[in-house]
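So the numbering used here is basically just the index in the sequence shown, starting at one, shifted up by 1.
Rather than coming from a laboratory, the hints here were simulated on the basis of the structure. One should not assume that every hint holds.
[Stated by the list, open to error] Simulated crosslink set (DSS-like; lysine-lysine; CA at most 25 Å straight-line):
| hint | residue 1 | residue 2 |
| --- | --- | --- |
| 1 | K132 | K200 |
| 2 | K85 | K199 |
| 3 | K200 | K4 |
| 4 | K199 | K4 |
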Amino acid sequence: MLKARGYRVIVRNSGGLAVVLDGGVLNISIVLSEREGAIDIPAGYETMLEFVRLLFPEAGERIEAYEIVGSYCPGSYDLSIGGKKFAGISQRRLRSGIAVQVYLCVEGNGAARAEVIRDVYDIGLQGKSTKFIYPSIRPEVMASLEELLGMPLTVGDVMIRVQTLLDGLADRITVGGFQADEMDLYNFYLNRVVERNKKMLV
Numbered sequence: 002m003l004k005a006r007g008y009r010v011i012v013r014n015s016g017g018l019a020v021v022l023d024g025g026v027l028n029i030s031i032v033l034s035e036r037e038g039a040i041d042i043p044a045g046y047e048t049m050l051e052f053v054r055l056l057f058p059e060a061g062e063r064i065e066a067y068e069i070v071g072s073y074c075p076g077s078y079d080l081s082i083g084g085k086k087f088a089g090i091s092q093r094r095l096r097s098g099i100a101v102q103v104y105l106c107v108e109g110n111g112a113a114r115a116e117v118i119r120d121v122y123d124i125g126l127q128g129k130s131t132k133f134i135y136p137s138i139r140p141e142v143m144a145s146l147e148e149l150l151g152m153p154l155t156v157g158d159v160m161i162r163v164q165t166l167l168d169g170l171a172d173r174i175t176v177g178g179f180q181a182d183e184m185d186l187y188n189f190y191l192n193r194v195v196e197r198n199k200k201m202l203v
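With the hints as extra help, turn the sequences into a complete structure.
And the structure:
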């Protein structure tokens, strides 16, 4: 079913349940160092929540963080406007730090993406009970930022907003390619992801 709709399956390294990734979705990671002290889990989530609010000042405090029941990959840091989810925050531990990641449904039809996940669960479960409780997906509780803000918005637009916001927040921004040692690490972790996917998706 997924292949017929043009999707491939990967096992992601952060978060829990299934999400849809396509050209209208943007993932952003903030990597926080713990060299000067431990960062607790709520602080990581709150950092990303504030970053998203700064990215979209036209929504500001209307962006709320609480679980949206009926959404895919629900959690206490689902981000929504008017009760409709457009993003989810997750985090994972790194050596000497944490990576806080947000999934932003920027453009297109958020409910249509939810229908894809609903169909995956319906086909996979076939009405049977399982030890793990999968969410009952209600597409109407999900939307894109473009829909919620009532304005044209693309992933490219949001990437420009990210750059502009960082320019205002940071004392110094370094832009460039990977150094040799960073490229080695990248290839090492990429191979780990590939191998993990091979094992999980056999």
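Do the hints match the structure? See the list:
1. For the given pair, K132 sits about 22 Å from K200 by alpha-carbon distance, which is consistent with the 25 Å threshold.
2. Proximity of K85 to K199 is assessed by CA-CA distance (about 35 Å); at most 25 Å being required, the pair is judged violated.
3. With a CA separation close to 19 Å, the supplied pair K200 and K4 stays within the 25 Å bound.
4. A distance of roughly 17 Å separates the Cα atoms of K199 and K4; the hinted pair therefore holds under the 25 Å criterion.
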